[in-house]
Structures are given as structure tokens and as C-alpha cells.
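K.L.:
Each chain is listed here by its residues.
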Amino acid sequence: MSNIPISGAKTGDGRVKAATAQKAPIGMDVLKRRVRIFRIVIAILAVAFALFPVIWIISAAFNPAGTLSTQTLIPRNINSVDDLLRNFNRLLTSPQYPFMLWMRNSLIVASTTSVLAVAVTALSAYSFSRFRFRGRRSLLVTILLIQVFPNLLAMVALYLLLQQIGLYVPILGLNTLGGLILVYLGGQMGINIWLMKGFFDSIPREIDESAQVDGATHWQTFTLLILPLVRPILAVVGILAFVGVYNEFVLARILLIDKESWTLIVGLFNFVSDNFARDWGIFAAGALIGAIPIVTIYLILQDQIVGGLTQGAVKG
Amino acid sequence: MSTASAQAGSPFGGLALPSNLPTFLFKLVGLCIVNAITLVLIYLFANDEVWFLVAALVAITLMVNVINLWPDMYPLQWMTPAFAIIILMVIYPLVYTVYVAFTNYGDGHILTKAQVIDRLEGTKFLPEGGRSYSWTAFTDDSGEYALWLVDVDGDAFFVTQDDPLQPVDFATAGVEPGQIPDTYRGFERMNRIQAAVLADRGDLEFGEGDTLIGIQSNAAAGPFVQRFVYDRSTDTITDRSTGRRYVADSTRGNFRSEFGESLSPGYWVTIGLDNFTRFFRSPALAGPLIRIFLWTIVFAFISVISTFMLGLFLAIVINDEVPLKKFIFSILIIPYAIPAVISVLIWRGLFNPSFGIVTQYMNDIFGSAPNWLGDPLWAKVAILFVNLWLGYPYMMLICSGALQAIPQDIYEAARVDGATAWAQFTKLTLPLLLVAVGPLLIASFTFNFNNFGVIEAFNEGGPAMTGTTTPAGHTDILISYTYRLAFGSGRGADYGYAAAITIIIFAMVALITVFQFRFTRQLEEVSENV
Numbered sequence: 001m002s003n004i005p006i007s008g009a010k011t012g013d014g015r016v017k018a019a020t021a022q023k024a025p026i027g028m029d030v031l032k033r034r035v036r037i038f039r040i041v042i043a044i045l046a047v048a049f050a051l052f053p054v055i056w057i058i059s060a061a062f063n064p065a066g067t068l069s070t071q072t073l074i075p076r077n078i079n080s081v082d083d084l085l086r087n088f089n090r091l092l093t094s095p096q097y098p099f100m101l102w103m104r105n106s107l108i109v110a111s112t113t114s115v116l117a118v119a120v121t122a123l124s125a126y127s128f129s130r131f132r133f134r135g136r137r138s139l140l141v142t143i144l145l146i147q148v149f150p151n152l153l154a155m156v157a158l159y160l161l162l163q164q165i166g167l168y169v170p171i172l173g174l175n176t177l178g179g180l181i182l183v184y185l186g187g188q189m190g191i192n193i194w195l196m197k198g199f200f201d202s203i204p205r206e207i208d209e210s211a212q213v214d215g216a217t218h219w220q221t222f223t224l225l226i227l228p229l230v231r232p233i234l235a236v237v238g239i240l241a242f243v244g245v246y247n248e249f250v251l252a253r254i255l256l257i258d259k260e261s262w263t264l265i266v267g268l269f270n271f272v273s274d275n276f277a278r279d280w281g282i283f284a285a286g287a288l289i290g291a292i293p294i295v296t297i298y299l300i301l302q303d304q305i306v307g308g309l310t311q312g313a314v315k316g
Numbered sequence: 317m318s319t320a321s322a323q324a325g326s327p328f329g330g331l332a333l334p335s336n337l338p339t340f341l342f343k344l345v346g347l348c349i350v351n352a353i354t355l356v357l358i359y360l361f362a363n364d365e366v367w368f369l370v371a372a373l374v375a376i377t378l379m380v381n382v383i384n385l386w387p388d389m390y391p392l393q394w395m396t397p398a399f400a401i402i403i404l405m406v407i408y409p410l411v412y413t414v415y416v417a418f419t420n421y422g423d424g425h426i427l428t429k430a431q432v433i434d435r436l437e438g439t440k441f442l443p444e445g446g447r448s449y450s451w452t453a454f455t456d457d458s459g460e461y462a463l464w465l466v467d468v469d470g471d472a473f474f475v476t477q478d479d480p481l482q483p484v485d486f487a488t489a490g491v492e493p494g495q496i497p498d499t500y501r502g503f504e505r506m507n508r509i510q511a512a513v514l515a516d517r518g519d520l521e522f523g524e525g526d527t528l529i530g531i532q533s534n535a536a537a538g539p540f541v542q543r544f545v546y547d548r549s550t551d552t553i554t555d556r557s558t559g560r561r562y563v564a565d566s567t568r569g570n571f572r573s574e575f576g577e578s579l580s581p582g583y584w585v586t587i588g589l590d591n592f593t594r595f596f597r598s599p600a601l602a603g604p605l606i607r608i609f610l611w612t613i614v615f616a617f618i619s620v621i622s623t624f625m626l627g628l629f630l631a632i633v634i635n636d637e638v639p640l641k642k643f644i645f646s647i648l649i650i651p652y653a654i655p656a657v658i659s660v661l662i663w664r665g666l667f668n669p670s671f672g673i674v675t676q677y678m679n680d681i682f683g684s685a686p687n688w689l690g691d692p693l694w695a696k697v698a699i700l701f702v703n704l705w706l707g708y709p710y711m712m713l714i715c716s717g718a719l720q721a722i723p724q725d726i727y728e729a730a731r732v733d734g735a736t737a738w739a740q741f742t743k744l745t746l747p748l749l750l751v752a753v754g755p756l757l758i759a760s761f762t763f764n765f766n767n768f769g770v771i772e773a774f775n776e777g778g779p780a781m782t783g784t785t786t787p788a789g790h791t792d793i794l795i796s797y798t799y800r801l802a803f804g805s806g807r808g809a810d811y812g813y814a815a816a817i818t819i820i821i822f823a824m825v826a827l828i829t830v831f832q833f834r835f836t837r838q839l840e841e842v843s844e845n846v
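Protein sequences, first through last, are from chains A and D.
With the working numbering, the residue at position 198 of the first sequence is 198, and numbering never jumps.
In the working numbering, each residue's number is its place in the second sequence (first place is 1) plus 316.
Hints should not be assumed to be uniformly reliable.
What the hints assert, rightly or not - Straight-line distance between alpha carbons at most 27 angstroms, and here's what the computed DSS-like set of lysine-lysine pairs gives:
hint: 1; chain 1: D; residue 1: K440; chain 2: A; residue 2: K32
hint: 2; chain 1: D; residue 1: K641; chain 2: A; residue 2: K32
hint: 3; chain 1: D; residue 1: K429; chain 2: D; residue 2: K440
hint: 4; chain 1: D; residue 1: K429; chain 2: A; residue 2: K32
To be clear, the hints were calculated from the coordinates, so they are not data collected in a lab.
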């Protein structure tokens, strides 16, 4: 950095520019306007880039023709609402593809996992935040290190584990939502314990100390004082866990075998590999229904998500 | 709970004791239930000889009891469920993956040795020579069969598919000894042609318990005999139908004869480093693995760089001078918000080489379009493009946040010193930005290193490589290759080899993480500030 003025002095570029800028303020104005136009053009291009597949999938979903080869940006031959919704009708009534069942499976798995994960990790996080005990630091570091390896890497072992458990506890076996939830729970532990411990740390300890002076147990402090205070954060953590599980594909694909137990993402994927070109319209309708809840959540929680992302960036 | 307050040093801990008695009893009952369940499971899994799982369950049981009964451990009681889940669903799978990497676990070697012996000893056969009975077939309304058997001494017996062999009661049969009735006990005699069909089936078993009778030929029926006999002292299995001996081969997990034939199924054994050294010896294995490894690194690297460059560019260009900036940002993060697999599937349709929109547009403009899914190079280009679309919003968001955190006065100083805009960017903005987002870039590298969803959803790793002995595709990355080895249809599951490759991924991830911790000194920070 220290060599900037030196190089500037050598070439004289900076000085010349500064001089022209001072002499011709009108030229600077033109430059500024051009830069602004440039910014706007880039913004338009970026929006077009971001929305390109989105627009096509919306168009395909409402296009009654329904195949990949007949696709046009503005759907043709729409004469009635029925035409407009033909793909959605076919999707929801198709006996071949139990779409509603997939949606239901996804919602069950995602909501159960997020609720259980928040409950279990909140307990641990409270303890890490409020108690000082021997081995606390090494436990925290261990949890951090373990979750460096995504549980996706252990897919072979997880598959064999569920196979084994399923022999004696059928609801947690392979091809069951219970087994999948158990696997996802494992993946939620490390990161959420850390996240929530951070939130709990931000609540002054004087609050619970004063409660304990008044005779409250830790359990009472936790449930009656701390939980209500962190409820919005618990909600955000839970929703993020929900979204993560809802979007998960690999483990769901490995562990769920029958069509009836697939989640939405697995179902859409298999649907696609079956007959993509012919049923493009039906797939598009499914993709829209599948994506809209998640996109809505993102747009509503945009500030929290952006805040969470940039927090990590700025801190370093 | 009494221990709770005492531990926390509450002056009212002692007073609360009576009201805490129910809590204590409740805890005790809970512990009993947990112990009962885990002990039953431990017993069952021990019977199956899955010792690693038994060890995990024992660890969980011990952990739960020690933590909850030992007052000093009160803070850990809060973590009981988390610990149980982490031991069973995180630590056990990691350890077990490492173990499987040193075994030949996979199709053909899916059972334990004890299970294989069990299964083989359950196999029965009909000895050719030892003719015991001549037979006549009977059937009833429900389609069940029965046999009228006459032994060499002329004694007659009757056996059905459910009831055991019994001497015939000629009074009930209504015929003279030595003759065969048309009906007996509700069964009707079958004619010769029907009976011949029965003889061809060969799979019918009559009787119950140890002596099962089978049809050997049109003329003869005889008892089934246990085919394989295991001898523990010599660790061999003898095939009584051929008299051949098979010796247990504990390095390969088969019972093998001196002629090299092996009995099916095999069992799984630890095979040392074979899964790791295998691909050094076999070019057909080494070829795809090296190519896949290189592509994994290229894929992750280009993904991070391209998304970072586009994200940073947009974060700088789209600033407050652009009208509706916040709204535009909301639209620009939509690719990040849509479930990635759904987006990739959409792109897969748009890139479809026959009907896809991208292909159509390129045909209109350039007169031709590459085969986005079938050509190894263009499939890679397409996947990188799709991943750029998926990943730039994240980079844009973190860059935008980090840029705002850079103090503005240093730019003024630079301007006074006469630095050009480009110099300010390369000498000030970029270094400061990289310090802030560097760890996230490394994390993004690790993420893309294992970005199975994108690879699988776009083209299932295709187009397929030719001339390989394992299922592999040109766009496969290590983790998707592992998946194909373990679960890919067609060529048989090879869990051992798949786990061995997972170890390579473990090593890579660990290496990157060490680098990342170095970069951020996150670990030191953790151990100092928590």
C-alpha cells in the first residue's frame, strides 16, 4: 500500500487526472452520469440473468402444451383457466406421481427435524452459555471439529446403520421418515449448538442471576426467562434448519427407497430422470409449488439471513 | 433438580428439596426406561455381532447414566439428548466409515461369517442314490399336495406339505394293504401326467421338522439332507452332495476349495489396505479416480473464483446510485433462495441438447449448439455455469457486507496520495476484502468440493466414462463417485472401496480446514474467548 504514492508520482497519472478534473467539472459530470448508466445497465443484465430460468419455469408451468419441445416464452393456446392450470391438475391427480404425498413427507421431515433440533440444541447451548465446568472448552472445540465433516460423507455408514436399526426398530429404519429425521438431527447438532450459544451469550447473565437469587431453579430460568427472550432467534434458527432439511437431496435419495416415502426434492428428481422432455410442464408446476414456500421464507427473512452471512464476513 | 440449585450455588437449594423429590423420581423412572430400551437393543445387536453399533450403544447408555446420576455432572445433563444423537449419528458413522474402508463389505460379502455358515447349513439337498420310497401324488381342493410313500419293506406312509410323515391307516383308506386308494384324508389321487409335472418342480417339500421329504425323480422320493456341514476345528465346510471340502479364506472372505471354487455367499473380512492400494495396481481403477479427483478440485476452485468475481463485481457496481437498489438485491438473491436441486433440474431442461431453450437460442444465433449433456467438455462448462448462477448471490451478499465495513477515510488518504481507482481497488479494497471473506471462500471451496446435489441433479455425473471397471462419469466429483460405487445400480455395491474413497475426502476436508483455521486463527479465538 505504501508504494501507491510512489508509483503515482513516477507515472504522474494521478496528478494529470486530478488536474483535468479540477479544470473541467462538466466533463466529470458526464463521466459520473456514464458510470451511473453503466451501473443501471449492469443491474438490468444481472436481473435478467437471475430471472432467466425462473421466467421459463413459470411460463412452462402455465403452458398447456406441456412438453419441452413445444415450449414458448409466452404460452400459446390458453383459452380458459382450465388450460392455464392443466399442468397443475395433471400433477395433483397423477396416480403415477404422488406429489401431495411427497410434499407431506417433506413437511413432516423438515418440521419435525427443525423442532427437535432447536429443542435439543437450545438445552445444550444454555448449559454451555451459563455453566462453567471442567472440559467445557474442549467439548465445544470437539463439537466444532466434528461438524467440519458433513454427515453426507458418512453416507455408506448411515445407510448401513439405518438398515441395522430397522431390523428391531422399524420406524427408524431404511426407507422411513423417522430414520431420515434421525440422520438429519445428527447433522443439525454441531452448527446449531454454536449458533445458539452465541445468542445465549448475548443475554446478560445478570438477568438469570437475579432470578436465581429469588429462588428460581435453572430449569425455571431457562423456560420462563431465557426462552421467551430468545424466541425470535429460535424461530430463525428453526426456519433455517427447516429450509436446509427441505432442500436436502443426497441422503434423502439414498435412504428413502419407495416412491411413497420420497421427499419432494427426491420425487421431483426421479420424475425428471423418468420422462423429462414429455412432462416438462408437469415438472415445472411441481418445481413452482416446491420452490415458492422456500423463496417466500427467504424474502421475508432476507435481513436476518444477510445479517447472519455478513456477520461472519465482517468479524474476521 | 436439588443438585441443580446446589451446584449453581443458590442459597435456596436446600429449601427446595421436598418439592424436588418428584423430579428426582421422574428422572429415575426416565433413566430406567432408557436403560431398558438400550439394553434390549444392545442384546439384539450383540446377537447379530455388529460390535461397533453395540459399542456406540454401550457408550450412550453409560454416558446417560453417569451424567444423570452423578451430581457433579449437572451441566452435562442438559446435553444428554445432544450427546446421544452426536454419538450415534455423527461419531459412530465416522468411525464406522473408517472401519468399512478396511473391509471387503459389499455385494457378495454382505453377511458376517456366522451368518454365512448359518445360511449354508440351512441348505438341503436330495441325495441321488439313497432311494427310500416310491411315491404317488395326491392333491386337495386348496391346491395342496400330499404323497403316498412306500418304502423298500412295503410299508406305506402318508405325508402332506404341512403334516409330518405318518404310517398309513388302511382301515381309513378303505383298501387292502399294498394297494393305493383314490382318496385319503380329503386328498384326491392325481393321474400320472399331473404327477410328472410335480416331479419336475423339484422345490416341493413335504413333512415337517427335521425329516423333509422331496421328490427325487418320477420313481423315487427321499428325505432331504443337510448339504453343507461346518467343522469348527478345521474351519472348513464340506459339501455332502459332492464330498468336496471348502476351507475358510479369511483374507478374501470366502469358503474356497482346493480347485479355487468359492461358495456363495461370501462373508466380509478386514482386508487391510487393499481398498487403498487396489487402484495403484489396476489402471482401470486408477484412471477414473485420478481424473475425478482433478475435476473435483477444478470444479470447486473455478466455482469459488467465478462466483466470487461475479458477486464482487455486482456488489461494487450496484450501489446506492442505482434506483431501487434494495429491490434489485432481493431479486438477485432469488437463485440462492430456490432449493438448489430444483434450480439445477430447471437448468437441465433449459440445457437439454434436443429441445432446451439454450440450445434453441444458440442454434438460432450460431447455427449450432454443443451437446451440453453428452459432451464431456461442454457438460463441465454447463455445470460450472449453473453453479455460477447458484452461487453468486451468496458472494454478492458477503462482499457487499464486507465492503461496507471498510472505513472510507483510507480511500481519501489514497486519493490525496494520487492513487488511481484501479490502484485503490487492487491495493486497498481487494486485500482488505480478502481478509474479511477469505475464510468464507475456503468454506465455499469445501462446500463445492462435496457439492453432490448439483452434479447429480444436472447430469447424474454423465456423460459416462468408457472403459472403466467402475461406474464413473466425466462430471463426477469424488463424493458422487463414492455414491455410485456404493449405491449405483448395475455393477454391484462396493461399500469397502466407497468408504476408502470417503477417507480421501475426509483427508482433503481436514487439510482445507486446518488451512482455514490457520487463516482465521478461529481455533485460538475459540479456545480463548468461549
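K.L.:
Quickly compare the C-alpha distance for D:K429 and A:K32 to 27 angstroms and report which way the hint goes.
P.N.:
Outside the cut-off at roughly 79 angstroms; violated.
K.L.:
Check whether the Cα positions of D:K440 and A:K32 lie no farther apart than 27 angstroms.
P.N.:
violated (91 angstroms)
K.L.:
Is D:K641 close enough to A:K32, meaning Cα to Cα at most 27 angstroms?
P.N.:
With a Cα-Cα distance of about 18 angstroms, the restraint between D:K641 and A:K32 holds, given a limit of 27 angstroms.
K.L.:
Does the structure keep D:K429 and D:K440 at a Cα separation of 27 angstroms or less?
P.N.:
holds (19 angstroms)
Going down the numbered hints, you'll see the structure goes against 1 and 4, while the others check out.
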